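A.B. asks: Each chain is listed here by its residues.
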Amino acid sequence: MMKNITAIAVLLVTVGFGTQLAAEPISSLRGATDIDQDSSAAAAKRYNKDEEPIARDYVQQPPLIPHKIKNYRINLKSNKCMSCHSWSNYREANATKISQTHFESRDKNVLANVSARRYFCTQCHVPQVGAEPLVENSFQPVTAITGK
Amino acid sequence: MSKNTKECNDMILCRVWQVLKKPSVKYSLGTLLIVGFISGIVFWGGFNTAMEMTNNEEFCISCHEMEDNVYQEYKETVHYSNRTGVRATCPDCHVPKEWRHKVIRKIQASNELLHKALGTIDTREKFEAKRLKLAGNVWRAMEATDSRECRNCHNFEFMDFTEQGRRAVQAHDKGISAGKTCIDCHKGIAHELPDMHDVDPGSSIGDI
Numbered sequence: 039m040m041k042n043i044t045a046i047a048v049l050l051v052t053v054g055f056g057t058q059l060a061a062e063p064i065s066s067l068r069g070a071t072d073i074d075q076d077s078s079a080a081a082a083k084r085y086n087k088d089e090e091p092i093a094r095d096y097v098q099q100p101p102l103i104p105h106k107i108k109n110y111r112i113n114l115k116s117n118k119c120m121s122c123h124s125w126s127n128y129r130e131a132n133a134t135k136i137s138q139t140h141f142e143s144r145d146k147n148v149l150a151n152v153s154a155r156r157y158f159c160t161q162c163h164v165p166q167v168g169a170e171p172l173v174e175n176s177f178q179p180v181t182a183i184t185g186k
Numbered sequence: 003m004s005k006n007t008k009e010c011n012d013m014i015l016c017r018v019w020q021v022l023k024k025p026s027v028k029y030s031l032g033t034l035l036i037v038g039f040i041s042g043i044v045f046w047g048g049f050n051t052a053m054e055m056t057n058n059e060e061f062c063i064s065c066h067e068m069e070d071n072v073y074q075e076y077k078e079t080v081h082y083s084n085r086t087g088v089r090a091t092c093p094d095c096h097v098p099k100e101w102r103h104k105v106i107r108k109i110q111a112s113n114e115l116l117h118k119a120l121g122t123i124d125t126r127e128k129f130e131a132k133r134l135k136l137a138g139n140v141w142r143a144m145e146a147t148d149s150r151e152c153r154n155c156h157n158f159e160f161m162d163f164t165e166q167g168r169r170a171v172q173a174h175d176k177g178i179s180a181g182k183t184c185i186d187c188h189k190g191i192a193h194e195l196p197d198m199h200d201v202d203p204g205s206s207i208g209d210i
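Sequences listed follow chains A and B, in order.
In terms of the numbering used here, the first sequence is residues 39 to 186.
In terms of the numbering used here, the second sequence is residues 3 to 210.
Simulated from the structure, these hints should not be mistaken for lab results.
None of the values given here were measured: they were computed from a predicted structure.
Ideal placement from N, C-alpha and C gives every residue a C-beta, glycine not left out.
Zero decoy hints are in this set.
A few chain B residues facing chain A, derived, Cβ under 8 Å:
1. Leu195
2. Pro196
3. Pro203
Can you make the complete structure from the sequences, with help from the hints?
C.D. replies: What follows is the structure, given as structure tokens:
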């Protein structure tokens with residue numbers, strides 16, 4: 039008996055969704071372009087010019103990069119970001135120093151140099167372009183940051 | 003005259019000098035001057051032509067040590083490809099423009115030819131192992147000349163700071179008054195940097 043009810047419920051839900059889908063054709067980010075046609079490419083966006091630090095939206099957010107980073111290499115031999123953001127260079131470069139958390143290993147041991155898991159900065163920190171969000175959302179920064 | 007020749011008897015150089023010193027009896031002064039003048043042009047021209055032939059990008063990357071390493075990296079940078087299409091080629095940054103300095107640099111290059119023959123950097127690994135030393139040579143040379151080769155094209159005085167980025171303006175303003183030079187802040191502008199662990203431990207991971 040129980041099994042039958044479940045089966046009917048599943049059936050109803052699927053049919054219900056099915057009819058709704060048929061009524062409202064899916065509109066993806068590609069727009070109305072058919073699958074077998076190439077959609078036209080959006081104009082290339084340019085990275086923002088250097089600006090002031092960008093306000094954060096939540097407490098553990100990696101701050102956004104407020105400047106260009108074109109051709110800044112990060113590899114095992116050197117890390118261009120650290121030539122300005124390391125504790126030995128930040129004063130001279132007038133940059134924000136990387137925070138204490140960047141010296142911690144996975145086991146919360148504090149290391150003498152930037153931790154390997156924080157070495158590739160652009161894993162978490164990203165520069166910005168002036169683009170509208172592709173999908174609307176109602177995200178609000180936390181009150182701890184906005185004070186409202 | 004005869005006295006001199008006698009003194010010279012067994013010294014070849016000395017005898018050659020005697021011949022050279024003797025006034026010509028066969029040719030007129032005019033002929034000699036003209037021949038001298040023309041061969042002067044030929045030699046001088048030849049010398050400068052040879053120098054110019056070795057002073058372009060094709061020559062620089064005709065050896066694989068340069069083509070496979072620094073050239074590939076340079077192709078990704080602003081001096082190879084940019085908005086305006088103005089380029090800086092290898093000799094623009096590495097060979098002085100002024101004749102006297104250029105000749106000195108070309109003579110130093112004979113050392114590079116020696117190491118080419120020895121195969122000192124003929125693999126990527128060997129190149130990377132030597133890289134800090136090579137880069138150091140360039141840095142020292144540029145520090146000594148106040149980055150003369152950069153300043154052949156760039157000049158603080160003609161920079162429109164209102165057009166520059168926020169960080170650039172701050173750094174240039176401070177840099178000029180602190181007497182810094184371009185290479186102090188713009189290392190790695192055209193190539194990958196060597197392992198920087200010994201130079202600036204904070205900006206390299208070192209041994210993990």
